Amino acid sequence: MTKLASRPTEEQVATVENVLAAHLVLLHRRTLQELVTVYCRLAGAEEDRVGVVSVAFDEDLTVEAVARQAATQLGTLHPDDSDEAAEAAATVVCGAFQVLRDAAPADAGLAGPLATVELTDGTPEITVTAGAGGAVGPDEAALLQDALRAATDAVGRAPHTPVGQLSLATTEQSERWRRLGHPDRSPQRARTLHGLVAEQAARTPDAPAVTSGSDPLTYRELDDRAAQLAQRIRAHGVGAGSVVAVLMPRSPQQMVTLLAVLKAGGAYLALDPEDPQQRHTHILRDSGAQLLVIDGTGDTAAYGIAVLDLAERPTAPQPAAPAHPADDGAFDPDALAYISYTSGSTGEPRGVGVPHRAVARLVVDPNWIDVTATDVFLQLAPVAFDASTWEIWAPLVHGARLAVAPAGAVELDVLAKTLVTEQVSVVWLTAGLFHQMVALHLDAFAGLRHVVAGGDVISPSHLARLLDAHPHLAFTNGYGPTENTTFTACWTTTSAPAGDTVPIGRPITGTQVAVLDTALRPVPPGVCGELYATGDGLAHGYVGRPAATARSFVPDVISGVPGARMYRTGDLARWTPDGTLEFLGRADQQLKVQGIRVEPGAIEAELNRFAEVREAVVVGQSDEAGGKRLLAYVVLDDAVVEDTAGIGARLRERLRGALPTAMVPWAVLTRSELPLNKNGKVDRRALPAATRVPRNVWNDFVAPRTAIERRLAELWGDVLGVEPVGIEDDFFDLGGHSLLVAELLGTLKDTFDVEIPARVLYLQPTITDLADEIGG
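Per this note's numbering, the sequence shown runs over residues 643 to 1418.
Calculated from the structure, these hints are not laboratory results.
Wrong hints could be hidden among the right ones.
[As the list claims (entries may be wrong)] Pairs of lysine to aspartate or glutamate, DMTMM-like flavour, derived with a Cα cap of 25 Å: (1) Lys1391 <-> Asp1360; (2) Lys1234 <-> Glu916; (3) Lys1391 <-> Asp1055; (4) Lys1234 <-> Asp1360; (5) Lys1391 <-> Asp1342; (6) Lys1234 <-> Glu1257; (7) Lys1234 <-> Asp1142; (8) Lys1234 <-> Glu1295; (9) Lys1059 <-> Asp1392; (10) Lys1059 <-> Asp1395; (11) Lys1391 <-> Asp1411; (12) Lys1391 <-> Asp1414; (13) Lys1391 <-> Glu1365; (14) Lys1391 <-> Glu1370; (15) Lys1059 <-> Asp857; (16) Lys1059 <-> Asp1085; (17) Lys1391 <-> Asp1372; (18) Lys1059 <-> Glu1397; (19) Lys1391 <-> Glu1415; (20) Lys1391 <-> Asp1375; (21) Lys1234 <-> Asp1375; (22) Lys1234 <-> Glu990; (23) Lys1234 <-> Asp1325.
Everything numeric in this text was worked out from a predicted model, so none of it was measured.
All chains, full assembly: derive it from the sequences and hints.
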């Protein structure tokens, strides 16, 4: 083997530094790890130099700085350090690298190098080896080789470039990767939802449209009742552009009301009955809602808005509704169809305005599932949650049946029974609910033909267990933000994934996506970037917030359509060599809790409104059910707080009156100060994790008295992560939710050999009640 000269030329040195810097940056961009280590061998004239080069990345680092750090460490490499250095590198991202004068086999000290650089007359020949550096395959090795060559060239041309903007592709390659995000089918002609349902009612008037136990509605009845209600809604001045709020539990009447609002020319705004009145009032005011429709429940006097109570009979005769009003299909498909509120990073909920066109693109002739008139969809998601868009309108525009799940909190045993009794064939579940159903009610999937899950990361092991038990099933991992109307990309399969993640697939009909770097350039497969989406699924934006809309809906560089917009999801993703998307997490700290997207900043803003709180930060951690829970850390204002005992529980109780359940932290913990990073920002990773927190409820502590009560208190403490647990404490006040109910009931069965229905715990949520039930 011809080795490097003992005195390499400056050009050779610069080449080695550039290639090594490009290699380090590429590994960082592929893994998103902040500390990247490369195990190196440089073949020299007198001896080989072997060791480790490590670089700590941050957002301000330039490729020139990476090269400079690498150059400094290259000069210190020595064979005697190799074993110790290699052991240190085992704890970080490590990519093998070697520089040779001519082609030669790797030695035992560098088995399976990822990148080999041969220097001939100062010109680098870069090779990425398949099967090495993380066991990459031949296709991926070729892609990495192209990316490393492009990055090396870019390092030499633009040394001051931030690492996140380093070009990893030629123009031709960028165009090829851009095309990965284009769907293989064109979208259908844009339509209004009520027009599509009216056409379906004309085709199959006597087919069942909406059912709930023994209360079926045919398509004719659904369309006629909605048309009649639309007349009552119009009598309140509702027309094109009006926003109509709907506050009622899950029911067939709720489905009629949504359709009626659309027929009246308005857009519906569904309010979650479980949310506090304070949130309802704010959303009604923020949205500019003109009318609130209820069904005989709730105190609406404080809302300050016109109310239509469907439980009250009309005082004046209503005009007869035409069987198929001529204007059913005449409204503009770009008119607003509904508003869905998400939590905002500023602490203020933000309304996402979604047009008819976006929903039609979602539900008409989708490219990832075949919907037929024989299907039965389950309506389970709260209508305020954007997943309900798919659940409701996909079956109703295809002539399928929509089975409405019982109102109230989701109970796993009731859900399992509903799937069977309603003969459901297609169901959508949040990731957490999917995992619990697979774990506890696997048999309930037997009658289904297609399971759709999403809202968070899907566990490959749970998916494998489902498909192993029910090989007839198709499964879809559905990914998408509210701002691009429920689904942006879907991955449908009948077999478990080969890797350790469940992909999010490819863009759905009417949507294009791109994975871009911070300079808005496509990145190669295997490299992490931010996911952007464009096409017919885009929302109009955030209602009444032009500045926030402009920040998230930016000029389109994906489709090439002049004047088009694209949505910046804030999610990190990468392409696989076969053109499939993998989800890698949030670019910010946004979390999914119980399947609901939560901005920790919204909770922090609410805490900071309290006089007792000087500073607050909210983070997420895994809970016992395999989902996420929120922890709030606060620094108290000593001038205001005199009694710190129980302050965390008191603050948490106040949050429950202002925020949805999923946004209330599991615990509020006090700190004397919050840790900061080198940039002066709160270092969330340095905050201590909590496996147990102090009891955080308002009522007095009552200690267990019997052996059963003592054992139940221990079990509750294990599931909820709270100590001590009193026998009069409410399970849900302590932080319990539907997924933890399933966890607890399974534990009770194993411990006491009894079957406790979930309904018992919902109605009698204390240890005293549960001990009586077990004793009985």
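For each hint, the structure was consulted:
no. : hint                : in the structure
1   : Lys1391 <-> Asp1360 : 15 Å, holds
2   : Lys1234 <-> Glu916  : 18 Å, holds
3   : Lys1391 <-> Asp1055 : 14 Å, holds
4   : Lys1234 <-> Asp1360 : 23 Å, holds
5   : Lys1391 <-> Asp1342 : 29 Å, violated
6   : Lys1234 <-> Glu1257 : 23 Å, holds
7   : Lys1234 <-> Asp1142 : 20 Å, holds
8   : Lys1234 <-> Glu1295 : 22 Å, holds
9   : Lys1059 <-> Asp1392 : 22 Å, holds
10  : Lys1059 <-> Asp1395 : 22 Å, holds
11  : Lys1391 <-> Asp1411 : 16 Å, holds
12  : Lys1391 <-> Asp1414 : 15 Å, holds
13  : Lys1391 <-> Glu1365 : 22 Å, holds
14  : Lys1391 <-> Glu1370 : 22 Å, holds
15  : Lys1059 <-> Asp857  : 17 Å, holds
16  : Lys1059 <-> Asp1085 : 10 Å, holds
17  : Lys1391 <-> Asp1372 : 20 Å, holds
18  : Lys1059 <-> Glu1397 : 16 Å, holds
19  : Lys1391 <-> Glu1415 : 13 Å, holds
20  : Lys1391 <-> Asp1375 : 23 Å, holds
21  : Lys1234 <-> Asp1375 : 21 Å, holds
22  : Lys1234 <-> Glu990  : 18 Å, holds
23  : Lys1234 <-> Asp1325 : 20 Å, holds
Taken one by one, the earlier hints fail for this structure only at number 5.
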